[in-house]
Amino acid sequence: MRKPRIDYAAVFRALPGMVALLTPDLVYADANEDFLRLAGRTREQLLGRYIFDVFPENPGDAAAAGMRETRESMLRVVAGGERDTMAVLRYDIEDPQRPGHWQEHFWSPVNAPVHGPDGKVELVVHRVEEVTELIRARGGPGGDSRARVLEAELYTRARELQEVNERLRKAHAHEREIALALQAAMLPPPGPTGSHGAAVRYRPAVGALNVCGDWYDLVDLPGERLAVAVGDVVGHGLAAACAMGQLRSALSAACRVADGPAQALDALGLYSRSVDGAEATTVVTTFIDWNSNTITYSCAGHPPPVLLHPDGTVTFLDQATDPPLGARSEHTPRPQARTPFTTGATLVLYTDGLIERRTEDIDAGLARLADSLTGHRKSDPEALADALMADLLPATGNTDDTALIVLRL
Numbered sequence: 114m115r116k117p118r119i120d121y122a123a124v125f126r127a128l129p130g131m132v133a134l135l136t137p138d139l140v141y142a143d144a145n146e147d148f149l150r151l152a153g154r155t156r157e158q159l160l161g162r163y164i165f166d167v168f169p170e171n172p173g174d175a176a177a178a179g180m181r182e183t184r185e186s187m188l189r190v191v192a193g194g195e196r197d198t199m200a201v202l203r204y205d206i207e208d209p210q211r212p213g214h215w216q217e218h219f220w221s222p223v224n225a226p227v228h229g230p231d232g233k234v235e236l237v238v239h240r241v242e243e244v245t246e247l248i249r250a251r252g253g254p255g256g257d258s259r260a261r262v263l264e265a266e267l268y269t270r271a272r273e274l275q276e277v278n279e280r281l282r283k284a285h286a287h288e289r290e291i292a293l294a295l296q297a298a299m300l301p302p303p304g305p306t307g308s309h310g311a312a313v314r315y316r317p318a319v320g321a322l323n324v325c326g327d328w329y330d331l332v333d334l335p336g337e338r339l340a341v342a343v344g345d346v347v348g349h350g351l352a353a354a355c356a357m358g359q360l361r362s363a364l365s366a367a368c369r370v371a372d373g374p375a376q377a378l379d380a381l382g383l384y385s386r387s388v389d390g391a392e393a394t395t396v397v398t399t400f401i402d403w404n405s406n407t408i409t410y411s412c413a414g415h416p417p418p419v420l421l422h423p424d425g426t427v428t429f430l431d432q433a434t435d436p437p438l439g440a441r442s443e444h445t446p447r448p449q450a451r452t453p454f455t456t457g458a459t460l461v462l463y464t465d466g467l468i469e470r471r472t473e474d475i476d477a478g479l480a481r482l483a484d485s486l487t488g489h490r491k492s493d494p495e496a497l498a499d500a501l502m503a504d505l506l507p508a509t510g511n512t513d514d515t516a517l518i519v520l521r522l
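For the sequence shown, position 244 matches number 357 in this note's numbering, and the numbering has no gaps at all.
It is worth saying that the hints were derived from the structure and are not from the lab. Please note: incorrect hints may appear among the correct ones.
As the list claims (entries may be wrong) - Here are the in silico distance ranges between beta carbons for each label pair: (1) M180 to A123: 30 to 36 Å; (2) H444 to A503: 38 to 44 Å; (3) A123 to E242: 21 to 27 Å; (4) R118 to I291: 46 to 52 Å; (5) V238 to G488: 34 to 40 Å; (6) D138 to D389: 44 to 50 Å; (7) A440 to L247: 56 to 62 Å.
We put the beta carbon where it would ideally sit given N, CA and C, even for glycine.
All chains should be modelled from the sequences, with the hints used to inform the complete structure.
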């Protein structure tokens with residue numbers, strides 16, 4: 114059976130209900146037939162014009178707030194990339210046939226984002242349902258007092274809901290500022306790594322604060338050596354971030370005094386027993402030695418590091434894998450393995466958000482990672498990190514946070 118060709122422009126025009134598309138600057142890009150008909154405007158009167166030039170606010174209503182609230186809702190969609198459902202609002206419309214004559218209207222609007230390939234908001238979908246007749250509902254000549262009471266209560270509760278939502282948004286914005294400051298403190302850019310270029314990336318899960326439970330670290334060691342680690346605390350938000358900060362600091366200190374990555378993870382495992390929220394944390398640590406051109410590594414329940422060779426072949430470092438932190442009731446020394454590398458190779462460490470999808474086996478994600486590395490093998494670390502994020506993460510955002518380190522050896 115042939116797949117039908119769908120004319121989405123025709124579908125949009127025929128959609129039931131009032132729907133318009135606006136640019137991030139709140140300029141009309143399109144409107145469906147119901148919107149034009151019910152709003153009493155032609156397409157030429159809308160397209161390319163600022164929304165509030167087409168529909169200004171009633172100058173005779175000193176208490177009018179519809180324009181401000183609609184504008185704020187749309188700008189929240191543009192800034193945050195998430196749908197915004199507004200409370201019922203009054204927004205009077207000027208009669209196009211009778212300039213200066215304003216008609217009372219009540220609306221129930223919803224604003225939603227349309228994301229582009231880069232994940233940014235390209236358009237705002239403005240769907241609005243007119244509820245004027247519902248608000249004005251009367252039971253007969255002279256009006257129904259119960260209906261009037263219901264109308265007043267409905268409108269009052271809608272305004273209260275809008276005010277509560279505004280307070281919640283302000284509280285969330287404050288919490289997000291804290292999260293950003295916390296992220297900057299706990300996940301700084303990598304320090305000098307000599308002639309070895311390094312790039313790091315961090316992307317939070319969709320809908321999460323800008324800091325979660327994933328971390329990365331690079332630690333200078335004596336004798337032309339470097340420790341590189343990534344880890345993943347279960348959960349999202351500030352609680353996971355606080356546990357992450359404690360574990361990252363502890364592992365950084367352990368790497369400076371341990372004989373190898375396994376011993377560093379042993380110390381971290383013992384410490385994690387006293388950290389709330391550290392259970393089931395996964396982490397991988399590598400010690401890179403440029404004197405011997407070797408990588409020594411140990412993995413606690415974490416996806417394996419990847420070694421990209423100069424010829425484009427890929428090796429997963431999976432010979433020293435052990436359960437996550439806190440998975441055993443008794444302490445057991447962790448394994449470690451060693452592998453040689455060629456100058457010019459690239460080491461990649463990452464968290465599972467880069468490769469895992471709920472609908473597929475992890476091997477599919479690992480294969481995707483290997484293909485992307487091979488395809489971009491000639492890129493420098495910064496370009497390679499960008500390419501991996503673009504190739505492997507959904508453009509609309511991922512449900513898990515992601516940390517990534519790319520190091521040229």
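Hint check results:
no. : hint                     : in the structure
1   : M180 to A123: 30 to 36 Å : holds, 32 Å
2   : H444 to A503: 38 to 44 Å : holds, 41 Å
3   : A123 to E242: 21 to 27 Å : holds, 22 Å
4   : R118 to I291: 46 to 52 Å : holds, 50 Å
5   : V238 to G488: 34 to 40 Å : holds, 35 Å
6   : D138 to D389: 44 to 50 Å : holds, 46 Å
7   : A440 to L247: 56 to 62 Å : holds, 57 Å
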